[in-house]
Every structure is written in C-alpha cells, then in structure tokens.
Amino acid sequence: MLKEMLSLLEKNARIEVTDLAALLNTDEKTVNEQIRECEEKHIIAGYHTIINWDNTNTEIVKAMIAVSSTPERDQGYDHIAEIIASYPEVASLYLVSGRTEFMLIINAATMREIADFVAHRLAPIEGVRTTETMFILKEYKVMGELMNKGKDKPGRLLMTL
Amino acid sequence: MMIFDELINKQVREMAPSGIRKFFDIASTKKGVISLGVGEPDFITPYHIREAAMYAIKCGKTFYTANVGLLELRKEICNYYLRRFNLSYNPVGECMITVGGSEAIDIVLRALINEGDEVILPTPSYVAYAPIVELSKGKVVEVTMREENGFKLQREELQKAISPKTKAIIINFPSNPTGGIMEYDDYLQLADLIKENNILVISDEIYAELTYDKKHVSIANIPELKENTIIINGFSKAYSMTGYRIGYILAAEPLVRMFNKIHQYTIMCACTSSQFAAIAAAKNGDKDIEEMYLSFKQRRNYIVKELNRIGLKTHLPEGAFYVFPSIKSTNMTSNQFCEELLEKENLALVPGSAFGKDGEGYVRISYAYSLAEIKQAITRLERFLASL
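Protein sequences, first through last, are from chains R and X. Here the working numbering is used: the first residue of the first sequence is 1, the next is one more, and so on. Here the working numbering is used: the first residue of the second sequence is 162, the next is one more, and so on.
Only chain X is shown next, with the shape it has when bound in the complex (with noise of 0.2 Å):
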C-alpha cells in the first residue's frame, strides 16, 4: 500500500476542508430538506445568452481564444464598467477573461504573493481567499467585521493589521456571507493608510450588480487608489451565469501581464463558447439586471422582515442575496445550531464559522429561492427557534 499522505503537499495536507462540505453530505442523503444553502442565483440564464453561446458552437467558433480572452469582450466588459461604476479601463492591457471569479482568485495571489507575506483579509469572509493565501506560502492576517459597524471594514482595525510585511488586502462587498457594503466615505477612510503602505486592494466584486437602493461604488473610484486595486468581477451573480464560469480581472497594465503569465499555463483561456454569451450579457443584459435585481431586494425585504419576527436579530443587508442573522441569543455554536436544525426540520443553512472565526454566532441564509420555498423555511426555523 502507498502511504499517499507523506506524497502530498504539505499545505494542502493540512489545508482545511470547506466548512460546509459536511453539511453538504449530511443534506444530500436525506429526504424533503429545504436548503437555503445555495451562492448562486435562482434565475434561468436569459434566453439570448444562451442562445449565444450556442449560435457560437453552431459557427464552429470552438477553438481556443486569445489567453487574455476575446478582445470583443473585454471591450464590452470595459464598456460596461464605465457604463455601469464610472471607471475606465483599456481593453487592450488592463483586462483579462478568467475561468469564473474564482480563477481570477488563485492568479492574482499566486502572482503577488511571496513565501511570508501578509494578506489582510476582514472577516466574515468568502470562504476560498484565505486556503488560496495560504496555498501560495502567504500568512493570512484576519481583521474582524462587526455587525454593529453594517459589517464594514473599519479604519481602525485595518491600520492594526498594517505591517512592513503588508502586501495586499482582500475585500469583497457586497459581501458574501454578510451583504454589507462600502460606500465611497467608507473607502475614503482607509485611503491614506493603503496609499503610504504601498498595499494592493483585491477587490473582488462579483455581487456589484446587487446592491440595494445605492450605486455600487468600488474602491478604484476613488482616484488615487485605481492603480492600487485589482478588481475582480464575472457574470455568475449579475446575469444569472454561474455555470458559464466566466470571470475577469481589471487592473493596471503591469499587474494584468503577469497574470497572464500563469493564466496561459494553467487555462489557455476561458471556455470559447462561454465567452460568446458573455459578450451578449454585457452588451444587451443590463435589462436583465434590472429584473433579477428588483426580485432579489423584495426577497431581501421579506426575509428580513420575517428572521426578526421569529426572533432572530438580523440587520436590513444592502447586498449580494445573503443575509447573516446573529443566532447568539440561542447559546449555540453556528454548527450546532445549523446540525440540530438539519436533523429536526430539514433546513438547511450554513454555519457562520465557515467564513471564518469571525462569523461564529450566526448562520448565513441565502434568499435566492421562490417566495414559497422562503415562506416554508421560515415556517420551519420558527418551530426550531420555539423547541430550544
């Protein structure tokens, strides 16, 4: 027999699995479980996206694209960040096509990050920056989010963070797990500090479109930090494209080069065909946007409405399709709550502990399903909350 383990590599030996692998396991094999554990939209990809994607295969366009991606559609997708948030960036140089967000995830940080850097990362965070951090030999450095502060990075906190050893930081708002945003006053207030430290932003966007009530603002529009931030953004959340896996990066011209030096190593490019119908979302979804974006923030509304009826203190998100209640009040650890609440109602939610440290004492609920699969979980956390 092969001792496999001793054959691994030692970081990802010891790198953690994914906190809601278990759940995952638990939820698939058992019968009639609501789950409002899901990242992704609930809408069918709009027909013309499709229908590009398959007009692209029909014409044979089925060959490998440039590494950096389709020009056609970093030309859209340039047009639309100026379109949409105001910032311009040249298609040719400063943006790349990627395999979905998280590809651009792992290139940016394997690029920038050497044995023993620091990456600040604020917590509750997205589960994936902190292994990939760590993946590339760099020590993540956690900053606390609070709830009372809207879970917004506060000036503070990252200045503890800050050390000679800074390389980068990574933010995420809207955010997932939490929904909290920044606003531009909020980026305004870490300024100075990311300016004379010399650190990259990694802002990663992807829930941009799901802003509530307020224009999504990303912290390259504020000027002096543009060239500091590497944005991070893709199709999956805005157009409903999960499956699509089309991702891209906007950042300085330097930065894009290199990479695209693992880029064209690990992927070649993006799917051909993905990158087609991407090109139709970017140039004629904006209405499709619009739509999801309205049915989302009613959701967000009723949701929120109906967690603090049944007990559970939850503050009004202003992004992305999550919402974080605290569930302190029931002395449980986000686990256990989410185990229980598994084995007696069948509802699935995932443990705030799965975002790290941070969101131990609350339960991340994802409201990207029907109003009538909602109304049913609710029922059923109701009754779980009157059992304990």
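Pulled out of the complex, with its shape left as it was, chain R reads as follows (with noise of 0.2 Å):
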C-alpha cells in the first residue's frame, strides 16, 4: 500500500487525503500517519509544483549542465557534488553513467545567468575538468505531466453495453 500511496502523491502532490484513503480503501488517520512517516524518514523529501512558464508573462530559462570532473580521494564524487547542489539555482543534479559525471538542471532568469553560473561559479570548483550546457528550448513532459494539454481527446459514445 505504501508503495501505491507513494505512487499516488508523486502524480499529485495535492490530492486529499480523504481521496486517499478511499483510493487504496483505507481510512485517514492510516494515511495521514503513514505520510508523516514517510516526511520524516526523508522517503518523502518535498512537494513541487509544475508550472508551465510558458503560459505566464515571466521569461524563465532552463538548461541541462553535463559535468565532468575527476573523483576525489576518499570522498568520491559526494562531495564535488555537495558543492554544485549546494548553489540555489541548481535544481536539479544526478551522478550519472556515460560520457561525463554529472547531470544538471538549472533555472534561471536569463541566458547571461546560466552563463555567469557556468563560468564563475560552476568551472571554479575544484575537480570539475569541462561543462556542456545544453538550453532547453521546449518542455513537452515535466514530472510526468504533459505540458501542453487540451488536445481532443478521441471521444467515447455516452453509453455503452
């Protein structure tokens, strides 16, 4: 059930609890302390908002950061890594396989931002060798979400056998 419930919230962090605990046909109170369970045990670790900036009047501007950098002595990637997270801005960052070490997503209001945090906060850092900062020009998912609904759904008959 938890895993059910953890599946549910990650969809839509604002569902009520009352719907909840009709969905998975458990009662509030089990809900509601399993959620508070889950926040303090970090396996709940924030509630986010998708919002489509596109459909508001503020320009905002995302990017992907591929990271590479070589792994410290007993620390290994973690704590390069402590200190890339550590920027707000950041909102985003994974250690990933492949070609570099780090993955990450920035927000920012500017083009010139993303830039200044590239040169004069990210490629400072000790151990980071080289960055490729790809722009996200177009959001088509986020979260799970589709960015862009409102399209026909094929319709059904109103009643069938």
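These are computed hints drawn from the structure, not numbers from a lab. Beta carbons are placed, not taken as given, at the ideal position from N, Cα and C, and that holds for glycine. Misleading hints may appear alongside valid ones.
[Said to hold, decoys possible] In silico DSSO-like links for lysine-lysine, alpha-carbon gap of 27 Å or less: (1) X/K300 x X/K313; (2) X/K466 x R/K3; (3) X/K458 x R/K141; (4) X/K458 x X/K376; (5) X/K192 x R/K149; (6) X/K448 x R/K3.
[Unchecked claim] Listed next, with one range per pair, are the computed distances between beta-carbon atoms: (7) X/G254 x R/E33: 48 to 58 Å; (8) X/S548 x R/T26: 24 to 34 Å; (9) R/V96 x X/E452: 18 to 28 Å.
Put the two chains together into one complex; each comes in its own frame, and the hints tell you how they fit.
Structure representation (structure tokens):
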C-alpha cells in the first residue's frame, strides 16, 4: 500500500487525504500517519508544483549542464556534488553513467545568468574538468505531466453495453 | 407502401431493443450530461500497439488473413493464456480470431444451438447473450445470481435449471454488470453437474485481467472441465482496444472447426491491421495491463466507499470496472431511478433491468472515468438521493 500511496502522491502532491484513503481502501488516519512517517524518514523529500512558465508573462531559462570531474580521494564524487548542489539555482543534480559524471538542471532568469553560473560558480570548483551546457528549448513533459494539454480526447459514446 | 413488418424475420421483429437505447437517446440530446454508462476503458490504446497497426498498413499488409486469423497472433494468444492463466491451447486448431468477443458469442451460439435447446444464463448478465440464443431458436433459462452471494453462480441454482434439453451455460466472470467473480472452489462445486449432464460452458472472460487482488481463474482451469469449456476473450478491455474489434475463441479442435465454418462465410477474417496490433499487445503489453489494472482498482475502491457514504449499499466488486449498487431503498424501479436522475441531475447510469429481470432494483455504474468525473457524478447522485 505504501508504494501505491507514494505513486499517487508523486503524480499529485495536492491529492486530498480523504481521496487517498478512498482510493487505497483505507482510512484517513492511516494515510495521515503514513505520510507523516514518510516525511520524517525523508522518503517524501518535498512537494513541488509543475509550472508551465511559457503560459505566464515571466521568462525563465532552463538548461541541462553535463559536468565532467575528477573524483577526490576518499570522497569520490560526493564532496563535489555537495558543492554544486549548494547553489540554489541548481534545480536537480544527478551522478550519471556515460561520458560525463554529473548532469544538472538549472533555472535562471536569463541566458546571461546561466553563462555566469557556469563561468563563475561551476567551472572554478576544484575537480570540475569540463562543462557542456544545453539550453532547454521547449518542455513537452515534466515529471509525468504533459505541458500542452487540452488537445481533443478521442470521444467515447455516452453509453455502451 | 410496403409493409416491412411482415417481411422481417419473426425472431428479429420480436427482439426487444437494448435497455439502454432510450437513455442513450435522451442523454445525447441534453447538454452537460455526465455519464457513468460506458462499458469501455478510458485509456487511449498504448502507442506501441497503435504503431503496430499503422506499420502493418504502411507495409501493405492489408490482405485477408487466414480465416482463423494470423498464426503469429494465435501463437501469442496461446502463450499469453499459458503465461497469465496457466491454460494450454494449441494455436493450430484450438484457437481462432474473431471480430471482437461479440462475434465469438454469435458464432459459438449459432454453431451449438438446435431449435428448442436450452441455454442456461446466470443473470444479471451482459445484454447480448439472450437475444442471440433466441435468434438461434434456443431457449434461455435464467438462473439468478444474488447480491448476498457476491453475484456468484450457486450450485443449487444451477442444478434447478438443468434439464435434458440443456445444451450449454453462458458464464461471464468477472461480470458485466455486477463485477462479481468466481474462484477455483466456486467452480469446483459445479464441476460434477456440468460433467454428468454433458453441458458445454461458454466462458466469456473479457474482463479477466481486471480481477482485483486475486488471480483470474477460468472454469477451464478445472482439469476435467477444460474440454467442456469454450473460452471467449479479446483485446478490448485488457488493452483498451475496443475499436480494433479483436476477440478470440479457445476451445477443443472439433468445436473450433465448426465455429470457423460460420466465421469463414460471414466474416472471412478479422481486420488485418487490428490483428497486427493485437500481436503487439499480446507480446509486449503485460506492462500496459498492470498500469490500467492499478488505476481501475483505485477508482473501484474510491467509488464503492463514496456510494456507501451517500447511502447506496454497494458490495466491493472483485472484477471488471462496474459497480452494481442496490437502489431498493428508494422504492423506485431501476428505470424510474435512472430516468429521474438523468432528468434532474443530468447524470446517466444504466438501469439494472437492462441486464435481465434479476437486475431490477440495481443500477450499473461504470468507473472507467477520471476521478474528477467520478467526484462530480457522486455529488449529483448524492443531491438526487437527498431530494427523494
């Protein structure tokens, strides 16, 4: 049941506890307890809202940056990751397999800001060897949500047997 | 003016129109109607399945297939039945592809029934069985399945219905409209009756994949009943492929040969591109089934809880995507109830009486709708009940 509850919350952080309880065939008390426990254990690490900024008047720029780095003695990649993650403009940071070590996603107000981030905040970190910045041109799907909904759903008949 | 009535086959002329026709007509003309009346899943067919149909068309695979359907599809279906339900059928001889489960119901009944043969039909039941039995000049013998028994078929009821003229019984578990299921032990209780009386079992298992918290059991899983059983199934409900119209029959070779006789003259073969889509579904669609299953199960939990909260006594069905709450507390017939509900609250449900006289006092509610739609419907239903 825990996995099912987490999947539902992952899809919709604002789902009502009463709805969760009904969908999972349990009671609200149990759901509340489980959520609290998950928050305490940091299984639920946070709640976020997916915003399609394109539909607002606010411009924002997002980029993915591939970072290659040298592991440090004793620490591996964790120390360097901690430094990168400490910058608030870094939205997500992953250690990945492949040609580079890290992949990060950054949100900023302008391209200039991202360029500055790379030049002045990211590149100088000891151990960072190269960076490759990929500006996000268009978002199609974020965290399981399609960014452009509202296309006609194929219609079903009103009643069938 | 020609008098067409006289020219129409008597059986067809007397056939009652489906019990939802009237509601469909009213609902279609009204604005703002919410319907929980649909008997098909609300997912769009998974893309890899749609792609397989498109690819077949692109490649020009647009000719007739063998009457019984593509061998590759039959092989995949037999693999699927073995993998998921532990039943072994030979793709050559014991499996044929039909135009939806609907065609399978039609040709099986026509192939079996002689005038006057009796066909036992546990009710409330899916609406197509009885008219087709009657069209084949068979006689429907209804057997009641009761709410207090979880809408299961009981041995005593079956026993009472059997006569020397009994040819077959049609079962449909998980059930449309009740959502009831039968388990291994439930079937075991019927085994000797079926065996001793030499009855064929037409087992419509179209909702098999929507069996909640339990594994679907076919009556053919009882070894001595396998040869008596004609399995009808299809791709519509498990993979949300209703519009493709692909169903199939699994049965003993001598039976399939007879079914195919009718099929070859009336249908030739099921739609070729749909057959290719079905191959993709059977081969790589297990994950699609799991996702839809979980979503249906959650919505079932939700709607049952809500219906009980607003005062409609509803048992937790173990299959399909319907609930079948009793409306007896309102002292209305199911027809009245649905008519007034549609009139006052713009909410369309299917009256239980559409599924046979044993459905009277109930309504069928489909939960193949988004949670938002279900919520809105519950609000309307609650307001309606309060107004009575």
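- Indices of hints not satisfied (ascending): Hints that this structure does not satisfy do not exist here, as all of them hold.
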